[in-house]
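Undergrad: One-letter residues, chain by chain:
Number of protein chains: 2
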Amino acid sequence: MADLFWTPEHLEEMVSARSRILGPQVWAAATPDPRHLISFAGGLPDIPSLPGEQLLRAARAVIEREQKEALEYGGTFGPLPLRDAIAERSSRIEGIPLTRDNVIIASGSAHAIGMVCETLLDPGDVVMVESPNFPGSMRTIRSFGATQVAIPMDEQGMRCDILEDELQKLADQGKRAKFIYCIPTHQNPAGCTLQLDRREKLLELARRFNTFVLEDDAYGELWFEQTPPPSVFALSNGDHGIKVSSFSKIIATGLRMGWIMGPPALISRVAALRYDMGSSPFLGRVIAEMMRNGDLDRHIENLRGIYLRKLERVEDALARYTAPYATYTRPLGGFFLWLQLRPGLNSRDVQMAANEKGVVVGQGPQFFADGNATNHIRLAFSYVAMEEIEEGIHRLGEAMAEVAARTAAK
Amino acid sequence: MADLFWTPEHLEEMVSARSRILGPQVWAAATPDPRHLISFAGGLPDIPSLPGEQLLRAARAVIEREQKEALEYGGTFGPLPLRDAIAERSSRIEGIPLTRDNVIIASGSAHAIGMVCETLLDPGDVVMVESPNFPGSMRTIRSFGATQVAIPMDEQGMRCDILEDELQKLADQGKRAKFIYCIPTHQNPAGCTLQLDRREKLLELARRFNTFVLEDDAYGELWFEQTPPPSVFALSNGDHGIKVSSFSKIIATGLRMGWIMGPPALISRVAALRYDMGSSPFLGRVIAEMMRNGDLDRHIENLRGIYLRKLERVEDALARYTAPYATYTRPLGGFFLWLQLRPGLNSRDVQMAANEKGVVVGQGPQFFADGNATNHIRLAFSYVAMEEIEEGIHRLGEAMAEVAARTAAK
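Same order as they appear, the protein sequences are chains A and B.
Per our numbering: the first sequence = residues 1 to 410.
Per our numbering: the second sequence = residues 1 to 410.
I should point out that these hints are in silico values taken from the structure, not numbers from a laboratory.
Please read these numbers as outputs of a predicted model, since none were measured by experiment.
The C-beta atom is built at its ideal place from N, Cα and C for all residues, glycine as well.
Be aware that one or more of the hints could be misleading.
[To be verified] Here are the simulated BS3-like pairs of lysine-lysine, each with C-alpha atoms no more than 27 Å apart in a straight line:
#, chain 1, residue 1, chain 2, residue 2
1, A, 310, B, 169
2, B, 357, A, 357
3, B, 201, B, 169
4, B, 357, A, 68
5, A, 357, A, 310
6, A, 201, A, 175
7, B, 310, A, 68
[As the list claims (entries may be wrong)] Derived coverage of chain A by chain B (criterion: at least 3 residues anywhere in the stretch with Cβ under 8 Å from a Cβ of chain B; other residues may be distant):
#, region
8, 8-18
9, 55-62
10, 263-269
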């Protein structure tokens, strides 16, 4: 019997309903590819600027000054100095008064979004999802048995007119959306930023239809030349908008630290369901020290310049190599450029042809809650080495040319 | 409407079924008490020996050698070097061959237990729970809507005869337990260690009744004079036993790092439901470095001596101050001594009387899945300062004397 216990069949019979929804496939398992690839695929920070020394300096300060607090449980809401530092810094950026009671620390923003889902979603609930969107979040929402309604975007972000229709349809059935999930600033994957009038409209709709906006702001601070419009969270006075943020893109994805800002009643309810004894007080205090000593602000300032230079390099190369095949709207910040392929060029074909040339790009149904993928390719310009950008886009252009020739020959 | 959105009433209406089970009360929120207390309450490591310098040294080595890997996503299963180091070290300790495929890294063992529950439990499932037990785990199991059957213990650990009866009762109803949750070694709160014959019986029962043992081993390495019996996991050849362990007690609770060991099929299924992009690669690699450079083994060796000395100090004081009121079985390791009060002395009364004297101890229904608390007090001897032990137990003895006098006067 022992041998049969963990067979796929018996396991499938034993697992929870939630586990059954997602099945046995592991997501983001990080299996390395042995080839040297030029990667425009991952939403990852620039490597040479990773702030290892700043982290070590902060860690030393924390161990010398507050070792006991840093190495003990820090409570379900997360370490106080980090909650205070985030509240103080966010009050300044958002222009609304915030305290630690508005903040809970999470083990990355993916964890933060999961905790919000865990607290609010039951099977059969409906969530409005900006489309295209980050596959990880859509997978999480799906795992809780919720139905996602895909709201399409244009260059200015989510189509609030379509959102209104969908919310009205639900209301006509006596239902409402649990929340509206979106990435308003430097969107992943579409790169666009929701304009102020649409943010106001979005908030008005959330209020009118008795729901709220779950705003994912992993990229908001990484603007290039102009600060983005106020967050939906700020516009709502911290009420009908809940904001999820991360240190992944502004420090390092390897920390797994992020946070949720929202009304204290919700923050507390999220904490009440938490079973992990809170996110790392050690890491939390190290980050708080980087905020206190100015390293974080300096680092973000530095990153803005780096990502702008990378984007410019990508744009130069795109003008040279892919202009006949693709167009795009210039992102105002973040990590992503969303290439629209010209009619007749299939994004899957281009992705595969590029891959054969050692260039990796993102595309396809994974970004779309309803599977209705448009003909786009996501270029992450953040991670690729500066000196490989031109070569990478050159090969991508060759891939497009090959696919175009094949398509024309048919 | 905005003002009413996050009212307790509306929130209660919005939250998930799981959130409703636990309600709005936040657990382990870590609100500090301004008084100076002599605390025998928390299952926390000794403060002066916290290995801050070793952590800094390991962090420096990691940043110098592998900054990129440490500061990038490490995958859902956790960073490879830590999985490999755990598999290698555990193969040695457990005496069975293990590889990284048997290991997934978690953000502490509370998180690990939560992930197992998330993967396996649906409302209405039954879990057998050694009783008394760690309240955090019982709270987590409860949050998934599972029913817990409390299996009492004696000095040698869980009463396997009673477990057999309960499993048989379930089987007679055509049901089975999803798993059996226990802390076989240096149990929390009871301090006892499940003897080898009972471990074998436990495993035999798990096999016969088509279930498995979820073994929580937070304290197993902290033995004093003799190594504990093989883990249930090892006895089962890594099959009908799943083991959850933690770096909290052997390094620091402030890291929030632990792991699950089990059959690859289950480990992979746990990963498949995970939404947090894996536990911190930075912290994981720092710990792997402490394993590689020998600091972890040296530190554990050092801790065994410290905790034994603290236990001896506690025992000396108990002999002097509480002998008329309480008895106990000497723990073979871990953090806890479980004081049985003599008949007529109520543990809640003693706890309150001690608290008035500035001494904090654990007791009561929180440790019992079925609320049927026995008349015990949990003394954590790990955290209290060596030089405060005698004074703390002295005051506890006075508290007992007062309660005894009040009881006699009634």
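Undergrad: Determine for every hint whether it applies to the structure shown.
TA: Hint check results:
no.	hint	in the structure
1	A:310 x B:169	violated, 67 Å
2	B:357 x A:357	violated, 74 Å
3	B:201 x B:169	holds, 18 Å
4	B:357 x A:68	holds, 25 Å
5	A:357 x A:310	holds, 21 Å
6	A:201 x A:175	holds, 20 Å
7	B:310 x A:68	holds, 19 Å
8	8-18	holds (count 7)
9	55-62	holds (count 4)
10	263-269	holds (count 5)
Comparing the model with each numbered hint stated earlier shows that hints 1, 2 do not hold.
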